[in-house]
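Starting from the given sequences, assemble the full structure and let the hints guide the process.
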Amino acid sequence: MSLIGKMINWYKCWGLSFLLTFSSNLFCADFSQFIMGQTPDPDKDMEKTYKNVETNTTFLPENAKTVDFSKTDKKSPFISGYDDQLMEKKLDKNTPDVGVTPLGTFNNAENYLEHDMQILLHDIEMKGKKSISLNYYKDTFDYVSKGDVFNKVYRDDPKSYNPGTLQIAYNYFYVKKEYLDCFVGANIGFGYNQGPGVFIYSREVSDVTFRLVTFPTDFSIGFGLRPGKWLKLNLEGGPSAMGLYQSRSDRDAGEYGKRRRQVGFGYYGQGSLKISMSNIFPKYYHSLYYGMNLTKVWLNVLARYHNYSNFQDDIQISGASLGVGFSFESF
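Residue numbers (this note's numbering): 829 to 1159.
Everything labelled a hint here was simulated from the structure, so no lab data went into it.
Just so we're clear, the structure is a prediction, and the values are computed from it rather than from any experiment.
Take the hints with a grain of salt, since some may be wrong.
Said to hold, decoys possible - Quick list of the computed label-pair ranges, beta carbon to beta carbon: (1) Arg1031 x Arg1087: 20 to 28 Å; (2) Glu1006 x Val1036: 52 to 60 Å; (3) Gly1085 x Trp1058: 49 to 57 Å.
Said to hold, decoys possible - Simulated pairs of lysine-lysine, DSSO-like, Cα-Cα distance not exceeding 27 Å: (4) Lys966 x Lys980; (5) Lys955 x Lys1057; (6) Lys987 x Lys966; (7) Lys955 x Lys1111; (8) Lys1005 x Lys1086; (9) Lys1057 x Lys987; (10) Lys957 x Lys1057; (11) Lys1057 x Lys958; (12) Lys974 x Lys955; (13) Lys1086 x Lys1004; (14) Lys1004 x Lys955; (15) Lys987 x Lys958; (16) Lys974 x Lys1111; (17) Lys1057 x Lys980; (18) Lys955 x Lys1005; (19) Lys1111 x Lys1004; (20) Lys1005 x Lys958; (21) Lys1111 x Lys1057; (22) Lys958 x Lys1111; (23) Lys1111 x Lys957; (24) Lys957 x Lys987; (25) Lys957 x Lys1004; (26) Lys1005 x Lys966.
Glycine residues also receive a C-beta, built at the ideal position from the N, C-alpha and C atoms.
Okay, structure coming up:
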């Protein structure tokens, strides 16, 4: 074969190889196989790949694109709506679906709270060991003196006044039962009287101002009866002393007769009706217990009698008076 014939055959083989190679590249592109130099189109290729697959299959993520959440029951307690709407299904507080009463849905919650509070009040009350009282008495006692000087100076004149007596009382319970308390204690008071000086015979009023301070001091023993949770009746009595401190405005400090001090002795008796503020205001008492360790708070209505004599001056103090106050029991 001549040289020209050989060259023709070589070109034919080379052309056939090129044609087969080019056809193979086109075939690969049809099957979405990327080759060098080809620009990929993922969306188009994915569409070609899965166009014949059922869209309701549970295995392909493409299935999520076809779900219509707008048709979902918006009252379902399991799935919210497509627009993230809140679950509208409400549980019946009286008859819950699960048979359990949800928190905060008790019909008689206040009754439960009140019942528990009453139990707490009773248990705490029985643990109280001492009591401190703050009482006030109106000074309606009788003062008998020579020439009735006391009443002329501190009672009868329009310029005189006596606001009354404040008392602080301390009691310790050595017996504390359900319906009976037994206690010992001590009381100290402070009273004030003021009036103008009066001449005994002419009864003319002078410019001198007299001031008298009283200090009743008691040592008590008593008991309390409790007919119920709301009330208690206390009876007490014992020896007592009355200190008197008098001053006048017409003498200089340190001058003889400027001040006069004396003490009389006697006894006292007292009855008190106590009303339980703890039971009237249990929620307020709850805070007092945890904040101040108080086991009981009482409102006191008081009636007091005392009798004092043997002062340096010829004077006797006796009689009865009414008062009011508060008692605070603690551990």
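Find the hints from earlier in the document that the structure breaks and name them by number, from lowest to highest. 8, 9, 12, 13, 15, 16, 17, 24 and 26
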